[in-house]
Amino acid sequence: MADLDTQEIAQAVAEAHSTEWASVLAATARVAADLDLAEDCVQDAYAKALVHWREQGVPRKPGAWLTTVATRRALELRRRADVARRKLPLLVPVEDVPDGTFPDDRLRLVFTCCHPALAQEAQVALTLRLVCGLSSAEIARAFLVKEATMQARITRAKQKISRTGIPYRIPRADELPERIEAVLDVVHLVYTAGHTAVDGDGLSRPDLARRGIDLARMMRMLLPDSAETAGLLALLLLTQAREASRVEAGRLVLMEDQDRSRWDQGLIAEGLELVPEALAGRPDVGATVGRFAVMAAIAAVHAEAGRWEDTDWGEILGLYDVLLARWPSPVVALNRVVALSYVAGPDAALRQLPDDPALATYPYLASTRAELLWRTGRTEEARAAYEEALAFTSNPVEAEFLQRRITRGA
Amino acid sequence: MGKYLVMIYDDEAKWAADDGSVMEQNHKNHQAFAEANGSAIRGGGQLDGSETATSIRADGNGGYVVTDGVFAETKEVMGGYYIIEAADLDEALAIAKQVPSPTGGVEVRPLVNGG
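So the sequences go chain by chain: U and W. Going by our numbering, 257 is the number at position 257 of the first sequence; the sequence numbering is gapless. Going by our numbering, 114 is the number at position 114 of the second sequence; the sequence numbering is gapless.
I should point out that these hints are in silico values taken from the structure, not numbers from a laboratory. Beta carbons are placed, not taken as given, at the ideal position from N, Cα and C, and that holds for glycine. Fair warning: there could be bad hints in the mix.
Computed spacing ranges between beta-carbons, pair by pair [unchecked claim]: (1) Gln159/U <-> Glu73/W: 22 to 30 Å; (2) Tyr364/U <-> Gly115/W: 35 to 43 Å; (3) Gly69/W <-> Ala47/U: 35 to 43 Å; (4) Ala358/U <-> Ala32/W: 47 to 55 Å; (5) Glu107/W <-> Ala137/U: 30 to 38 Å; (6) Asn61/W <-> Ala358/U: 46 to 54 Å; (7) Asn61/W <-> Asp174/U: 49 to 57 Å; (8) Asp174/U <-> Gln46/W: 27 to 35 Å; (9) Gly115/W <-> Arg326/U: 40 to 48 Å; (10) Ala87/W <-> Arg262/U: 51 to 59 Å; (11) Ala137/U <-> Ala32/W: 48 to 56 Å.
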């Protein structure tokens, strides 16, 4: 029985770790006025939970219990003179915290982690560490760098926060749209790093993808008026809905050949509901239609097509035209050409393939050219292009796919 | 509150090509900046051209090597600075964004221990 109890408690603590970490740390950081100190106190609170919850049962509000324990310890440590001297004053001044009630400080935490004065890779690492509660080792594994490298990156970022005085607060209204964009870019990066792992064994690292969606849901909850936040959540949900059908028996399946009955209708419904709001924009936050909203709209057109043949390519091409006009990039230009090939034919698309040095070693340029050549019947040229794409990919699942394309019809 | 050094970097080649009108406008812009942010400005000044720079490095044997020129060769060189006081980096950046730097940009660095 005792073992079962231990297991149940460990599970309750793990659950509280994944759902409450950000709130607990955010509230503690305000009291600790120091991110390192706050982290130590929160980790200590989770360790105490393992012991106390077994003796006294799991509290009714685990998050409030953890926050109380962590903030109390932070206050206690702050009172010690050596701690006060060791650390630079950093975050907001300590405020009186009425017993048991804590303001939701998660937005402060997110905006601090995603401050534009930090390098973007540092923003990503800090967000995973401080908002998601991942260890440096876990983040290092996810991004295929050495743990020491990741640890140094996180330490440097925390030092920049304290030494330059990056504030622990929600940005002013006039800075907000730009700052929200920075946060959403980080969340998008976390998701895409999980969705299409460049290396590694599989096509995706589901944990990072899940963290990305969790972060997007959290941002949506905290910023209900931000249209672009709705757009990003919609984009991630509609992309994730297709996840189960992307790989079958270790093999990459193109959207054209995916078994649409395996698409997650729950995620699709949730995503589709957000799209109109995302596209409408909200004048009160000074935002017009955002990039993620347009990308979500493209994903929505795919989600709404019962079969590949039913895809409304005219609509998709129009949305890519919007993307390309407002946020030009060689990758967007390439995706637009794919849409064009289904509206105007592969010959027309081949003539508009982007000729950008930035894409010289981008495997999707060669593989797109290969697909278009194949569709026009130029099979030998298509094979050569597939070979080229193969040389540039480092993902084994994609490599296997390209290999099959090369031998197709031979 | 802390103090921040705002270093103004400009492309001297572009200044050399100026007939004087850009310089004149720039002076007016700095006056306007100083008037708008007077309460935060703790100091500042314009530097003479980089051709007037002299660099000194310790030679490792207790002596010095004095050379003509700037410490590090870059396209944009520091041409002026402000010291500002701000509540935090966001406030410092909001002020620094207003600093005129028509041919380059600015770098913002905190002074250690709040200056």
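Okay, the hints, checked on the actual structure:
1. A hinted range of 22 to 30 Å for the beta carbons of Gln159/U and Glu73/W is consistent with their spacing of about 29 Å.
2. About 50 Å separates the C-beta atoms of Tyr364/U and Gly115/W, a value inconsistent with the hinted range of 35 to 43 Å.
3. Distance hint check for Gly69/W and Ala47/U: the Cβ-Cβ separation is about 58 Å, which falls outside the suggested range of 35 to 43 Å.
4. The hinted window of 47 to 55 Å between Ala358/U and Ala32/W is violated, with their beta carbons roughly 40 Å apart.
5. Here the CB-CB span from Glu107/W to Ala137/U is close to 35 Å, well matched to the stated 30 to 38 Å.
6. The beta-carbon spacing between Asn61/W and Ala358/U, approximately 49 Å, falls within the hinted interval of 46 to 54 Å.
7. The supplied range of 49 to 57 Å is met by Asn61/W and Asp174/U, whose beta-carbon atoms lie about 55 Å from each other.
8. About 30 Å separates the C-beta atoms of Asp174/U and Gln46/W, a value consistent with the hinted range of 27 to 35 Å.
9. Between Gly115/W and Arg326/U the beta carbons are some 42 Å apart, a value that agrees with the proposed interval 40 to 48 Å.
10. Judged by the Cβ atoms, the range 51 to 59 Å given for Ala87/W and Arg262/U holds: they are separated by roughly 54 Å.
11. Roughly 52 Å separates the CB atoms of Ala137/U and Ala32/W, a value that falls within the hinted 48 to 56 Å.
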